[in-house]
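There are 2 protein chains.
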Amino acid sequence: MTLKKKPVTGMKDILPREMEIRNYVMNMIRDTYGAFGFSSIETPCVEHIENLCSKQGGENEKLIFKILKRGEKLKLEDAREESDLVDSGLRYDLTVPLSRYYANHANELPSPFKALQMGNVWRADRPQRGRFRQFMQCDIDILGEPTCLAEIELVLATTTLLGKLDFHNFTIRINDRKLLKAMAQYSGFPAESFDTVFIILDKMDKIGVEGVAAELEKEGFARESIDRYLGMFQEITPDAAGVRFCGEKLREILDPSVTEDLITVMTAVDAAKTADFRIVFDPTLVRGMSYYTGPIFEISMDEFGSSVGGGGRYDEMIGKFTGSDTCACGFSIGFERIVMLLLERGYEIPSGREKKAYLIEKNMPADRLLEILKQAEEERRAGKQVCISIMKKNKKFQKDQMTAEGYREFVEFFRDKR
Amino acid sequence: MTLKKKPVTGMKDILPREMEIRNYVMNMIRDTYGAFGFSSIETPCVEHIENLCSKQGGENEKLIFKILKRGEKLKLEDAREESDLVDSGLRYDLTVPLSRYYANHANELPSPFKALQMGNVWRADRPQRGRFRQFMQCDIDILGEPTCLAEIELVLATTTLLGKLDFHNFTIRINDRKLLKAMAQYSGFPAESFDTVFIILDKMDKIGVEGVAAELEKEGFARESIDRYLGMFQEITPDAAGVRFCGEKLREILDPSVTEDLITVMTAVDAAKTADFRIVFDPTLVRGMSYYTGPIFEISMDEFGSSVGGGGRYDEMIGKFTGSDTCACGFSIGFERIVMLLLERGYEIPSGREKKAYLIEKNMPADRLLEILKQAEEERRAGKQVCISIMKKNKKFQKDQMTAEGYREFVEFFRDKR
Numbered sequence: 001m002t003l004k005k006k007p008v009t010g011m012k013d014i015l016p017r018e019m020e021i022r023n024y025v026m027n028m029i030r031d032t033y034g035a036f037g038f039s040s041i042e043t044p045c046v047e048h049i050e051n052l053c054s055k056q057g058g059e060n061e062k063l064i065f066k067i068l069k070r071g072e073k074l075k076l077e078d079a080r081e082e083s084d085l086v087d088s089g090l091r092y093d094l095t096v097p098l099s100r101y102y103a104n105h106a107n108e109l110p111s112p113f114k115a116l117q118m119g120n121v122w123r124a125d126r127p128q129r130g131r132f133r134q135f136m137q138c139d140i141d142i143l144g145e146p147t148c149l150a151e152i153e154l155v156l157a158t159t160t161l162l163g164k165l166d167f168h169n170f171t172i173r174i175n176d177r178k179l180l181k182a183m184a185q186y187s188g189f190p191a192e193s194f195d196t197v198f199i200i201l202d203k204m205d206k207i208g209v210e211g212v213a214a215e216l217e218k219e220g221f222a223r224e225s226i227d228r229y230l231g232m233f234q235e236i237t238p239d240a241a242g243v244r245f246c247g248e249k250l251r252e253i254l255d256p257s258v259t260e261d262l263i264t265v266m267t268a269v270d271a272a273k274t275a276d277f278r279i280v281f282d283p284t285l286v287r288g289m290s291y292y293t294g295p296i297f298e299i300s301m302d303e304f305g306s307s308v309g310g311g312g313r314y315d316e317m318i319g320k321f322t323g324s325d326t327c328a329c330g331f332s333i334g335f336e337r338i339v340m341l342l343l344e345r346g347y348e349i350p351s352g353r354e355k356k357a358y359l360i361e362k363n364m365p366a367d368r369l370l371e372i373l374k375q376a377e378e379e380r381r382a383g384k385q386v387c388i389s390i391m392k393k394n395k396k397f398q399k400d401q402m403t404a405e406g407y408r409e410f411v412e413f414f415r416d417k418r
Numbered sequence: 419m420t421l422k423k424k425p426v427t428g429m430k431d432i433l434p435r436e437m438e439i440r441n442y443v444m445n446m447i448r449d450t451y452g453a454f455g456f457s458s459i460e461t462p463c464v465e466h467i468e469n470l471c472s473k474q475g476g477e478n479e480k481l482i483f484k485i486l487k488r489g490e491k492l493k494l495e496d497a498r499e500e501s502d503l504v505d506s507g508l509r510y511d512l513t514v515p516l517s518r519y520y521a522n523h524a525n526e527l528p529s530p531f532k533a534l535q536m537g538n539v540w541r542a543d544r545p546q547r548g549r550f551r552q553f554m555q556c557d558i559d560i561l562g563e564p565t566c567l568a569e570i571e572l573v574l575a576t577t578t579l580l581g582k583l584d585f586h587n588f589t590i591r592i593n594d595r596k597l598l599k600a601m602a603q604y605s606g607f608p609a610e611s612f613d614t615v616f617i618i619l620d621k622m623d624k625i626g627v628e629g630v631a632a633e634l635e636k637e638g639f640a641r642e643s644i645d646r647y648l649g650m651f652q653e654i655t656p657d658a659a660g661v662r663f664c665g666e667k668l669r670e671i672l673d674p675s676v677t678e679d680l681i682t683v684m685t686a687v688d689a690a691k692t693a694d695f696r697i698v699f700d701p702t703l704v705r706g707m708s709y710y711t712g713p714i715f716e717i718s719m720d721e722f723g724s725s726v727g728g729g730g731r732y733d734e735m736i737g738k739f740t741g742s743d744t745c746a747c748g749f750s751i752g753f754e755r756i757v758m759l760l761l762e763r764g765y766e767i768p769s770g771r772e773k774k775a776y777l778i779e780k781n782m783p784a785d786r787l788l789e790i791l792k793q794a795e796e797e798r799r800a801g802k803q804v805c806i807s808i809m810k811k812n813k814k815f816q817k818d819q820m821t822a823e824g825y826r827e828f829v830e831f832f833r834d835k836r
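Protein chains in written order, with my numbering: chain A, 1 to 418; chain B, 419 to 836.
No wet-lab data here; the hints were simulated from the structure. Just so you know, not all the hints are guaranteed correct.
Only some residues are given here: those of chain B computed to face chain A with a beta carbon under 10 Å [claimed, not checked]:
1. Lys-424
2. Met-446
3. Ser-472
4. Gly-476
5. Asn-478
6. Asp-502
7. Leu-534
8. Leu-791
9. Lys-792
10. Glu-797
11. Gln-816
All values reported here derive from a predicted model rather than from experimental measurement. All residues carry an ideal CB built from backbone N, CA and C; glycine is no exception.
Using the sequences and the hints given, assemble the complete structure.
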């Protein structure tokens, strides 16, 4: 009886080299976000199927790994449909479990509550290069903070982290769902078509302004609305002045606090930032999930085509789950993409431990072995990594293998103290 | 539509206080085992159902969380039995995935390979206090090292870790499966009854020598064998002399290298140890799993009734899985028990970061806010944890909540620079 050697479809084994980077990044995340006052929490990987299928997960709900009922609850002969056999599943994100967690423990948690979650999620996506069916998500969320201090702290924490991981010259794009809607309204699009308009607008960086115009026209929107809408984008600069310009144009229909807050976030982040990046106003930024209610943001990096993270305010979501309103704002970074980029760069972990290999001859007498063990103990105590191995016949091959593992120094011990 | 607020049966949400301890212990594990040359690896939580049901998991195979096939593979109408619906499951331990991992990647790994795995496993056990259906396992294994250097390094690494976590006065009990068998043979028990004899012997610490004698008699074993067997235990001292005594008695049927190796391990560990513990020879130590082939060991701690960890040599297991023999030896510590003990002790994490709370009045002018953010940035850079919150009406309650989270210092900022 032999095993299936490959991992299950779409999931991966992680080799030591990648694990070193992953552990380094995870520690940096805990350390950096910890300094901003975020507390680590954890929820089970398995979640009630009712919670996973509550319509907050959008397309992800189609990708759930479902878990069979156990014992007496499993009645195979009576089962008509899948739901008769299933009572739980693997989580597809960390936001649904966070909502459940907060509903279950709000009395034991401070308000506002700043949560850091790192954990695996599972999606039965079509397997493809660089995308896996089990992957790590890393979210920070501030629950119960209505002011834009939440946005400022989320963006500062995330960008400080990226800077510490040696990412530079990236861009934080920011927009607001309320402003997005007001612009569509101002241009004369009907409210019920906003989502269609935004899906097309979201393609701006791929198909350009002409492409967007063509698609909007194809959908049958009035020429006048399209011109007014796209004309406005030409005039808007990607800075505080651009936000102010929008505020002016939309003053009849948009609460001035929206643009004021956007400007506060942009100014504060720019003044207090520790990393080398730009924060820009991008009135075409949409972000997929429909649950956002206020500011939204995304990280763009030249090295990586698509986004390496994003987030926004979702003041109405937790209440839908829990029954009591809780404002919330979150920022998620693409952990797997960041690890991939560092691996591709051949990233050297700063101040990695010095690695030393002891090769000892076979059948070393007990008293000599003790000496060697004590010597190793002293070096380990002094902060070195010491790997003791029995010397092999093919010593060259053994050393080559260990060199590939990062061992640079070899000490050989022989029975006769040569 | 409201959520189910509780986690699924038998699994738990982890609050910030426990997470701090868990993260601390995990870092200590990676750091300590890393210094001994163990490399972190990871396998997917989901495993092929064939691998999980390969008879190596014993009773655990009855406790698998099974995952439904997806898409076109799921043919509900044709399903006769559970196995028609299932193609994978959640792993119940880390040893089966390690075997698969090693089979899949042996060419990319050094030999011997020293692996560290920390990861969740799932068992649909009957829920009970302190035992959960999702829990963390922490294993170190040395694959491909036939000499007792493996046992020595495993015991030294594990005990060094426990010492660093402030555990003292514990005991490592050690025995050898080959010696266990030789003693039963020497006493005249038939080979096919060894397992029955060992199951009864394993109860020695609970029912005493009279209890063991009574149970053996009840099973119908010869009075003479029982007397000879139990008589021997009375004479054996829990030290190297005891091992030597066994070697003498059993010299006709036991390879002398078995007792020589046991003595080497005990002496070397005792001489090179960094923590405050005893290593003793316990000829009644059995350990449950049938796959052990050589030395076995267990950690006993007075604070905690049962074992907090154990392991042994299992030279024949990986070959059964992979088709090619690979000697192996592992040590697993009870991560959840260790965390529980530290929590119960009210363990203070050494050199935890200083926690400072900034309470800022609402509607702070932008320029003041910038000053505050910069001040926070400087303190964070200097290693402090700074949590900025908007001051609430009930400031006393807010401070009490934050004090409970470990914040000791509060700085208040007002609009008018009072």
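Hints, verified against the model:
1. At a threshold of 10 Å, the smallest CB-CB gap from Lys-424/B to chain A is about 6 Å, leaving the interface hint in force.
2. Interface hint at Met-446/B: violated, since its Cβ lies 12 Å from the closest Cβ of chain A, which is beyond the 10 Å cut-off.
3. Checking Ser-472/B against chain A: minimum C-beta separation of about 6 Å stays under 10 Å; hint holds.
4. For Gly-476/B, the suggested interface contact is broken, since its CB lies about 15 Å from the closest CB of chain A, more than 10 Å.
5. The interface hint given for Asn-478/B is violated, since its Cβ lies 14 Å from the closest Cβ of chain A, which is over the 10 Å cut-off.
6. The interface hint given for Asp-502/B holds, since its Cβ lies 9 Å from the closest Cβ of chain A, which is under the 10 Å cut-off.
7. At a threshold of 10 Å, the smallest CB-CB gap from Leu-534/B to chain A is about 9 Å, leaving the interface hint in force.
8. A cut of 10 Å between beta carbons decides the hint on Leu-791/B: the least distance to chain A is about 4 Å, and the hint holds.
9. Residue-level restraint check for Lys-792/B holds (minimum Cβ-Cβ distance to chain A is 6 Å; threshold 10 Å).
10. Interface restraint check: Glu-797/B against chain A, minimum CB-CB distance 9 Å, threshold 10 Å, status holds.
11. Annotation: interface hint on Gln-816/B holds; nearest CB of chain A at approximately 8 Å, less than 10 Å.
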